[in-house]
Amino acid sequence: MSASLMAFAKWLQDTHWAQWISGSNWVYPFVQLTHFSGLSLWIGTNFALDFRLLGWGKKRQTAADLSNSLFAWNWTGFCIAICGGFMLFAASATKYVVNPAFLIKLGILIPCALVVHIINQKKSRTWGASADTPRIAKIFGLLELLLWLGVMTAAVSIPTFEVPGL
Amino acid sequence: MQHFCEALQQNSWIIALNSSIVISSLFELCHYAGFFLVVGSTALVDLRVLGVAGRSQTATAMSEQLFPWMWTGLIFASVSGFLMFAGDATDFYGASLFRVKMLVLLAALAAGIFVQWQVPRWDRRPTMPLGAKSVALVSLLLWVATILAALEVSAINGVG
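Going line by line, the protein sequences match chains A and B. Our numbering puts the first residue of the first sequence at 195, with every later residue one more than the last. Our numbering puts the first residue of the second sequence at 54, with every later residue one more than the last.
These are calculated hints, taken from the structure and not from any lab test. A few of these clues could be false.
Not close to chain B: a few residues of chain A, all C-beta gaps over 12 Å, as computed [stated by the list, open to error]:
1. Thr228
2. Leu233
3. Trp236
4. Gly301
5. Ile302
Listed below are the simulated DSS-like cross-link pairs for lysine-lysine, each with C-alpha atoms no more than 30 Å apart in a straight line [what the hints assert, rightly or not]:
6. B:Lys186 to A:Lys204
7. A:Lys253 to B:Lys186
8. A:Lys317 to A:Lys252
Reference listing, derived: stretches of chain A covered by chain B, where coverage requires no fewer than 3 residues with Cβ under 8 Å from a Cβ of chain B [claimed, not checked]:
9. 209-216
10. 308-320
Cβ atoms here follow ideal geometry from the backbone N, Cα and C, with glycine treated the same way.
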């Protein structure tokens with residue numbers, strides 16, 4: 195763990211607003227609410243597109259149409275989740291920067307999942323032009339699905355890897 | 054109900070499942086993934102009824118595409134949620150906010166099912182009726198309230 199990252203975490207955690215979040219029984223759940231509401235929109239719409247690329251479920255809309263109709267709220271959900279996530283991070287930053295599950299989640303899994311998501315959204319216009327999707331679309335749909343499940347697995351594992359005393 | 058919760062919590066299968074970190078993490082993963090799928094798919098249909106999402110598609114087309122995933126997510130979230138509840142059944146039963154969460158959740162589900170049932174009828178009108186938009190808005194707010202109530206169960210009642 196680099197000293198500069200820990201120094202940044204300490205500075206962030208000591209800011210007035212971060213202490214306000216961590217010190218209140220009522221504010222903290224509202225910040226969590228922001229994070230979870232954003233995640234519901236983001237993950238829910240990601241999964242719906244991945245399932246469509248995989249050819250699962252109804253084929254009422256093509257993957258191209260579905261991607262187009264979900265696009266704006268998909269990224270709105272992402273922005274809400276990032277805002278809430280940053281505030282949650284700030285409230286306990288020194289705990290998070292030494293937590294291996296958090297570091298794997300933020301440093302490896304989220305960037306990989308985001309890259310695959312952007313590829314899927316861009317390519318869904320060609321892959322999803324007709325009702326049946328090609329094999330490459332199915333592979334990328336499954337890959338994104340597994341990466342987001344990996345992100346969630348790392349997230350639920352964070353308490354298991356907490357360093358006591360921080 | 055208290056006796057049922059005690060018996061459930063002392064069931065050897067429930068004890069074995071909840072004492073494993075891997076299995077209890079798997080329950081949490083299923084619960085979150087299922088819940089995100091329920092809320093995400095329902096919210097998008099509600100936003101379409103409100104006229105602020107996917108306007109290139111009809112509300113019926115979006116509803117037919119997304120609502121099967123609401124039901125899939127609900128099955129995952131309910132089964133994993135029950136198994137998580139079972140591990141600490143007496144604590145959850147005694148937590149006042151857990152009861153509030155379940156009531157709000159049932160109301161949100163009822164609103165979601167009502168939207169799913171009525172969307173084809175609303176779509177046949179030249180414009181989306183005001184009543185339809187009101188129900189969609191209530192459905193959205195109920196899901197936000199469900200998430201908040203779930204978070205307050207652990208923050209205020211210290212369970213979960």
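Index of numbered hints that the structure contradicts, given in increasing order: 1, 2, 3, 6, 9 and 10
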